[in-house]
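Chemist: For the protein sequence lines, the chains are A and B, in the order given.
All residue numbers for the first sequence refer to this note's numbering, where the first residue is 63 and numbers rise by one.
All residue numbers for the second sequence refer to this note's numbering, where the first residue is 63 and numbers rise by one.
To be clear, the hints were calculated from the coordinates, so they are not data collected in a lab.
It does not matter which identical chain is meant; a pair holds if it fits inside one copy or across any two.
DMTMM-like mimics (lysine to aspartate or glutamate), calculated; alpha carbons at most 25 Å apart, straight line:
1. Lys108 <-> Asp90
2. Lys108 <-> Glu160
3. Lys108 <-> Asp155
4. Lys108 <-> Glu210
For reference, the chains in residue letters:
Protein chains: 2
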Amino acid sequence: MSRESDLRRQLRLIVLTHPRPAGGNLVDVVAECLEAGCRAIQLRDKQAPAADLYRQTLDLLPLVRAHDALLFVNDRLDVALAAGADGVHLGPDDIPVEAVRARVPDTFRIGYSTDDPPVGRAAAVAGADYLGVGAVFGTISKVGLEDEAIGPERVGEVVRSCGLPCVGIGGITLENAAAVAAQGAGVAVLGAVMQAGRPGDVVRDLLQVLSRAADEPAAQEAPGT
Amino acid sequence: MSRESDLRRQLRLIVLTHPRPAGGNLVDVVAECLEAGCRAIQLRDKQAPAADLYRQTLDLLPLVRAHDALLFVNDRLDVALAAGADGVHLGPDDIPVEAVRARVPDTFRIGYSTDDPPVGRAAAVAGADYLGVGAVFGTISKVGLEDEAIGPERVGEVVRSCGLPCVGIGGITLENAAAVAAQGAGVAVLGAVMQAGRPGDVVRDLLQVLSRAADEPAAQEAPGT
Numbered sequence: 063m064s065r066e067s068d069l070r071r072q073l074r075l076i077v078l079t080h081p082r083p084a085g086g087n088l089v090d091v092v093a094e095c096l097e098a099g100c101r102a103i104q105l106r107d108k109q110a111p112a113a114d115l116y117r118q119t120l121d122l123l124p125l126v127r128a129h130d131a132l133l134f135v136n137d138r139l140d141v142a143l144a145a146g147a148d149g150v151h152l153g154p155d156d157i158p159v160e161a162v163r164a165r166v167p168d169t170f171r172i173g174y175s176t177d178d179p180p181v182g183r184a185a186a187v188a189g190a191d192y193l194g195v196g197a198v199f200g201t202i203s204k205v206g207l208e209d210e211a212i213g214p215e216r217v218g219e220v221v222r223s224c225g226l227p228c229v230g231i232g233g234i235t236l237e238n239a240a241a242v243a244a245q246g247a248g249v250a251v252l253g254a255v256m257q258a259g260r261p262g263d264v265v266r267d268l269l270q271v272l273s274r275a276a277d278e279p280a281a282q283e284a285p286g287t
Numbered sequence: 063m064s065r066e067s068d069l070r071r072q073l074r075l076i077v078l079t080h081p082r083p084a085g086g087n088l089v090d091v092v093a094e095c096l097e098a099g100c101r102a103i104q105l106r107d108k109q110a111p112a113a114d115l116y117r118q119t120l121d122l123l124p125l126v127r128a129h130d131a132l133l134f135v136n137d138r139l140d141v142a143l144a145a146g147a148d149g150v151h152l153g154p155d156d157i158p159v160e161a162v163r164a165r166v167p168d169t170f171r172i173g174y175s176t177d178d179p180p181v182g183r184a185a186a187v188a189g190a191d192y193l194g195v196g197a198v199f200g201t202i203s204k205v206g207l208e209d210e211a212i213g214p215e216r217v218g219e220v221v222r223s224c225g226l227p228c229v230g231i232g233g234i235t236l237e238n239a240a241a242v243a244a245q246g247a248g249v250a251v252l253g254a255v256m257q258a259g260r261p262g263d264v265v266r267d268l269l270q271v272l273s274r275a276a277d278e279p280a281a282q283e284a285p286g287t
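Chain A on its own, in the form it takes in the complex:
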């Protein structure tokens, strides 16, 4: 299997972390997600000092490695590099993708957030490995801010225009994940897993839904598309 299709498979479901998951401490919850089959974790804590984020990355890495999964750090390239994570997830407020790509090893993965097809194409040229596209169904995970929902069709537009693996993000649940997968994208999930009492069960159910949708994409398309 090629390196890119390997990445697409691993990015079928990214679990984004919350510093205080409902289902237990962060390490235990991540372990449950990995045991349930999740192959990509994004460590995300916009308030934590870099020292804490670094320590958490070191805590999670052995678990992630044991499951042949990927660990991304949100925003903090320095933490990702210093701790030896697999990649970083960047957005428009972060260091530009091309500046990061020029300074990191080829094997280091760069994710970038956009819902705009031309921006996604530019990120691909600049050296991004995948895109986070959203907010698909809206989200309240960014403090005090509700992002506008772009809908799954827009995710499909980005998928078809950029040539990179894409993951839809924002308000994704068991009920709506298939509509995103039908667009040829993986999903990034925060609340649905982090607010669950049994996060492993949610991951297992999500992976089943996603796998079914990936096998029958046509059946998931909205009428008339």
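Starting from the known structure of chain A, arrange chain B on it as the hints suggest.
Modeler: Quick look at chain B alone, frame taken from chain A:
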């Protein structure tokens, strides 16, 4: 001249930046400081998104290079590396010095903040190139927080115990800078320069005071020490 004594000379005075200096826009104020003889600038903006800090670092670098000076970025190793700055200044809330040292080129400078001699020695072993020691005379530069003043003698204790170039920081002015220099340390100045209408004049006066104190260290010591 050896590389270390070169660094000591450059670190006689570090000007720390404020995002909105009283004397003009940041680039102009930094240019004035460099023209006045300052050889080390630390870009410091704890609120700015990484993208802005990166852009500011790129804006300042040509100026700093033209004056054979050093540019450090506060906290953000990723910004410093991506933009090609000379170093980063770290504190206890940042990625540990040894983890940073292991991932950056030998020529990349690492500063570390501490007022504790054993912690300073540990930072030297871990790979720090210089220490920021304070708050010497207290400061209100950290939002809403007044640091306790440690006094210049404590700076001298750190200087004598760690073997690294040290700069005193916190509430340093034209009036008290000599007392810090007399301890064998350089000074890091924020408010005295950033709040000045003519920052170049303050830098020139500071360098004169510091140069005199460095030439006659004994005369600056408090009686009985």
